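Protein chains in written order, with our numbering: chain A, 1 to 78; chain B, 1 to 210; chain C, 1 to 747.
Rather than coming from a laboratory, the hints here were simulated on the basis of the structure. Nothing here was measured: the structure is a model prediction, and the numbers come from that model. Beta carbons: idealized from backbone N, C-alpha and C, even for Gly. A few of these clues could be false.
Lysine-lysine pairs mimicking BS3-like chemistry, simulated, CA-CA at most 25 angstroms apart [stated by the list, open to error]:
id, chain 1, residue 1, chain 2, residue 2
1, C, Lys259, C, Lys335
2, C, Lys349, C, Lys200
3, A, Lys30, B, Lys70
4, C, Lys335, A, Lys30
5, A, Lys30, C, Lys212
6, C, Lys335, C, Lys290
7, C, Lys193, C, Lys64
8, B, Lys153, B, Lys182
9, A, Lys77, A, Lys2
10, C, Lys172, C, Lys9
11, B, Lys41, C, Lys55
12, C, Lys335, B, Lys70
13, B, Lys27, C, Lys660
14, C, Lys198, B, Lys27
15, C, Lys325, C, Lys406
16, C, Lys325, C, Lys350
17, C, Lys360, C, Lys55
18, B, Lys70, B, Lys152
19, C, Lys335, C, Lys349
20, C, Lys725, C, Lys406
21, B, Lys41, B, Lys153
To give an idea of the interface, some chain C residues facing chain A are shown, with a C-beta separation under 7 angstroms as derived from the structure [stated by the list, open to error]:
id, residue
22, Glu101
23, Gly214
24, Arg215
25, Ile241
Ranges between beta-carbon positions, derived for each pair [what the hints assert, rightly or not]:
id, chain 1, residue 1, chain 2, residue 2, range
26, A, Tyr40, B, Ser147, 52 to 62 angstroms
27, B, Ser166, C, Glu507, 29 to 39 angstroms
28, B, Glu74, C, Gly452, 35 to 45 angstroms
29, B, Leu57, C, Lys449, 32 to 42 angstroms
30, A, Asn23, B, Gln36, 15 to 25 angstroms
31, A, Leu78, B, Arg40, 31 to 41 angstroms
32, B, His197, C, Pro573, 25 to 35 angstroms
33, C, Glu256, B, Glu150, 19 to 29 angstroms
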Amino acid sequence: MKIGVKVMPRQEVLDTQGRAVENTLRQNGKQLNACQVGRYVVLDLPGNDEAAAMASAKEMAEFVLHNPLIETYQLEKL
Amino acid sequence: MSVGVLRFPGTNCDRDVFEALEGAGRKPEWLWHADQFDSRKHEALFLPGGFSYGDYLRSGALAARAPAMKSVREAAERGVPVLGICNGFQILCEAGLLPGALVRNRGLRFIDDWVSLRSVNKHAQFARAGGSARLPIAHADGRFVVSDDELKKLQDRGQIWWQYESNPNGAAHDIAGVMNEKKNVAALMPHPERAMHAWMGGTDGVGFFE
Amino acid sequence: MNKTSAEFKSKLKTYRLNEGEYDMICGLLKRDPNNIEWALFSALWSEHCSYKSSKVHLKKLFNKSSRVLESFGENAGVVDLGDGERIAFKIESHNHPSYIEPYQGAATGVGGILRDIFTMGARPIALADYLCFGQPSAHRMTSIVDGVVRGIGGYGNCVGVPTITGQTEFDKSYDGNVLCNAMAVGLFRPGEKVFLSKAKGVGNWVVYVGAKTGRDGVHGASMASESFGADSAAKRPTIQIGDPFFEKLLIESCLEVMKQDLVVAIQDMGAAGLTSSSFEMSSKGGVGFKIHLDQVPLRDSSMTPEDVLLSESQERMLLICEPSKFEALSAVFQKWGLDAARIGEVTEKKTVELHWKGEKLTEIDPDLLVENAPQYQRPFKVLPPQNRVARREWTSKRAGGANAAKCLDLCLRDVRGTSRKFIYRQYDSRVGAATARDTSDSVGVVRLKDSGRALGVVLGCRPHIMRLDARIGGLDAIAYPALELALKGFETLAVTDCLNFGNPEKENVMSDFVAALDGMNQVCASLEAPIISGNVSFYNETMGKNITPTPSTGLVGLRDSVENMPESFFTAPDQLVYVLRLPGFMTGGADQESWGTGPQAIGDLEGRVVGDFVRVARRLSQAPGVRATRAIGKFGLAYALARMTMPSDIGAVIDTEGLKMMRPELDETALFEEHLYEAFIAVDASRAVDFEDAFSAVRQASPTAELHRVGRTVQGSLEIGAFLKVDSAQLKESYNSGWSQNFESLA
């Protein structure tokens, strides 16, 4: 079973990549309000129990996939 | 005619390349990323190393979309020699002016070291002598990747410029530098501008600026 | 306020002020502070900003020299090199943040010290890092080492300033409180002006440039002034994120507006952000500021004025500019993709007025916060010589018990003695195309473009000597790096220091502090090398355990050219090996800490004698035929010789007669003990007479100095009397594999 982990910079933390990408887009005439850059991690987990897969994805996300000081994460079943 | 040296936000080897060109008796001239320029006015173009746009998104990706790159493309099509060094290599790949892409080093760490290189094919303008060279490297995204088909084409057409004697970053086929099909656009990961005098640790970079 | 109320107690706690300080504030204001004033005093009277525990001692630092143009009180010290060239340099700590979030903590440490340099108009040309980690087995230590090193590289590499030297120490006293000190050197080329933070010109504009303000690090300055407790993870402020790309834009744009003379005064927003920069600029300039906090560009619109004042968002500068030049100034920043925002003006009456959406929050004399901060005379004792023994009674359990070759192998593999290539390979050492010697050498060297002269940079402070005796340790923190510079022909010009200590409210910590400064001062005075900048980091204490007192130093030296500098390794066979030594003080060295006896020493050292010896070393290293020089350091002569075989594979044969001249009590242990000070010098055999004559000519400057011929260089192996003979390949293998043995996952 595949679970997607979306890792984004925390709102209150400066998103340096987002700022750089946003500025380039603007300089090239693109219209946008804001831009954030995060990471997407796809976990292929054994078994078919969605609840168990979610639980183990959560455990992995908290173990290493995100840094709670600067990032938040969301899980989604794929 | 002058040699154009491109400056992007975050380019940091710009002055080093500028001075290397001056030292070699060339007439360098700054070219600003935000401005297009007359592609007929320069005998050669240099894209120095550094961290354009902080290497954000992908190394070279944001710089490759800058207005000045439109003029670089024109110049390249016109046959003007274009040399990319380190981040300049990454920008030229992102701009599609050179084949392949440069991704994170095999060890996932920045590498600062000296490497030995061998010239596979010579370039008509840059480092004409070819042979071997010992130059510094300093990069995090220096692993050259290319599809097998494309690699075969590069070999067949003589587009491989330099290979590492001992591969530091996992680059495909030990590739340290490549050329385009027309052989006017070329780039390498090592920094020749950092090997211009014996006190720097070597003088093998001199040939790239003559 | 009612001092018995719960509200009062909670305010003191929130703002980290004590009751005596509250009384002082009321006395100065002649009333109770209002809300915003609590925050201002909290920030500017913190240990970090006010130096309240150290100021009385820092005033005694040796800082006299005709070369000093600026020193404490400015963002960094400035030294005149002659020929129109000047340099600015400073070292600063980022210890607490590097323990909490190693990558960002170390990265923002580098960013902060760079801003201190280019704020003055100098282009940064070199970085150096002094790092102290705990034992490799300590909790989180592998990831802290990894994060700190990546953070330094991530920032320094991107911003384009070469890291040319460094020092990395390991000891259990840093297990819960690592040290991350970053030094930056900047160059003013001929004709370039030095910019100061002194605000001037009534009617001029106060301009904010750089990144927008977020909640990053609110109350960071006062946090850095507290010890770590078990709950330090919970009370951390929002982590500050550094953006080296943005800093690079800030460097280029600031240097450009300075070159066009569009700036009257400038200061970076470091600890306590806008508060410290605005109050210090106003106080130093003797003028007032009217600031509209609601004009400050914000990343988060819900921020309160207090947040705006205390935010430690990175990559921001405050500058003063004439109104007529604002347009030109703004255009330069825009070219680099940055915004300049007018947030206030310079006023005649020396007060800082803070406004927020039409409301005046306070109007206060900046001197009350900057000049009138409390100064404490914390209790201390004058320490007698520590850990001295009458005669040499120590035995190396490693060397005595096993054999010298085994002991040498252990030293080369020891985390304290093994190669740091894992670290410095992650730092760009050559951007700028001026690096002549990098971190693989004992001295980092950059070439000055205009004059062709060489600038040498070395860091100092050896914690194992500090643990032996704080005064000797302080002395050594200047003397050892000065000797390293001298051995490459550099004259030490000036010093910056970063005084990392524990809790100053404890008498033993303060006693070490005073003793270390005394030792440093003695050598600085003797070398005429003033201390021109630095910072103090107190409260390096976790759960009541203090770190080894660690006054790290950065020394900058000058030499006529980059040519003919002796190497730090043997360059060819059949050269003669000499030892230059100053007899009088010996210890078991760093390895003694592995024997279980604790540090011990015989003798004593005086700063003047050491300074004279360093001068002799400098002149001798420039004598004819000198090819290689190296100080004999923490693991003694065997280790120093082993290091000199790398990378050339040229070793040496040291004969027993030669050894006896250096070590009258000759046994295995003697190969690993440390004598302050000694150095190996390798000389072309054909120039032996000239070299020995050169020593005779200079020795009267240091009458007790000795020079002995102890052996010769050979191809491929190291042989020390009858004690050991090892292949150079084996030495290399031990030295290069020790790191991964200590940090398995960092290879």
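Consistency of the hints with the structure:
1. C:Lys259 <-> C:Lys335: holds, 15 angstroms
2. C:Lys349 <-> C:Lys200: holds, 12 angstroms
3. A:Lys30 <-> B:Lys70: Within the cut-off at roughly 18 angstroms; holds.
4. C:Lys335 <-> A:Lys30: Holds. Lys335 of chain C to Lys30 of chain A sits at ~19 angstroms (cutoff 25 angstroms).
5. A:Lys30 <-> C:Lys212: holds, 22 angstroms
6. C:Lys335 <-> C:Lys290: Violated. Lys335 of chain C to Lys290 of chain C sits at ~28 angstroms, over the 25 angstroms cutoff.
7. C:Lys193 <-> C:Lys64: holds, 22 angstroms
8. B:Lys153 <-> B:Lys182: holds, 13 angstroms
9. A:Lys77 <-> A:Lys2: holds, 6 angstroms
10. C:Lys172 <-> C:Lys9: violated, 36 angstroms
11. B:Lys41 <-> C:Lys55: violated, 61 angstroms
12. C:Lys335 <-> B:Lys70: Distance of about 19 angstroms is within 25 angstroms: holds.
13. B:Lys27 <-> C:Lys660: The given pair, whose Cα atoms are some 62 angstroms apart, is violated under the 25 angstroms limit.
14. C:Lys198 <-> B:Lys27: Violated: Lys198 of chain C and Lys27 of chain B sit about 41 angstroms apart, past 25 angstroms.
15. C:Lys325 <-> C:Lys406: violated, 70 angstroms
16. C:Lys325 <-> C:Lys350: Satisfied, since the Cα-Cα distance of roughly 24 angstroms is no more than 25 angstroms.
17. C:Lys360 <-> C:Lys55: Violated - the C-alpha atoms of Lys55 of chain C and Lys360 of chain C are around 33 angstroms apart, more than 25 angstroms.
18. B:Lys70 <-> B:Lys152: violated, 29 angstroms
19. C:Lys335 <-> C:Lys349: The given pair, whose Cα atoms are some 36 angstroms apart, is violated under the 25 angstroms limit.
20. C:Lys725 <-> C:Lys406: It holds: about 11 angstroms lies between the C-alpha atoms, which stays within 25 angstroms.
21. B:Lys41 <-> B:Lys153: violated, 32 angstroms
22. Glu101: holds, 5 angstroms
23. Gly214: holds, 6 angstroms
24. Arg215: Constraint on Arg215 of chain C satisfied, holds at 5 angstroms.
25. Ile241: holds, 4 angstroms
26. A:Tyr40 <-> B:Ser147: 52 to 62 angstroms: violated, 24 angstroms
27. B:Ser166 <-> C:Glu507: 29 to 39 angstroms: The hint (29 to 39 angstroms, Cβ to Cβ) is violated, given that Ser166 of chain B and Glu507 of chain C are roughly 57 angstroms apart.
28. B:Glu74 <-> C:Gly452: 35 to 45 angstroms: About 40 angstroms separates the Cβ atoms of Glu74 of chain B and Gly452 of chain C, which means 35 to 45 angstroms holds.
29. B:Leu57 <-> C:Lys449: 32 to 42 angstroms: Holds, at about 34 angstroms.
30. A:Asn23 <-> B:Gln36: 15 to 25 angstroms: Holds, since Asn23 of chain A and Gln36 of chain B (Cβ atoms, about 19 angstroms apart) stay within the stated range.
31. A:Leu78 <-> B:Arg40: 31 to 41 angstroms: Distance hint for Leu78 of chain A, Arg40 of chain B is violated at roughly 53 angstroms.
32. B:His197 <-> C:Pro573: 25 to 35 angstroms: holds, 28 angstroms
33. C:Glu256 <-> B:Glu150: 19 to 29 angstroms: Because 42 angstroms falls outside the window, the suggested range is violated.
In this structure, the hints that do not hold are numbers 6, 10, 11, 13, 14, 15, 17, 18, 19, 21, 26, 27, 31, 33, in rising order.
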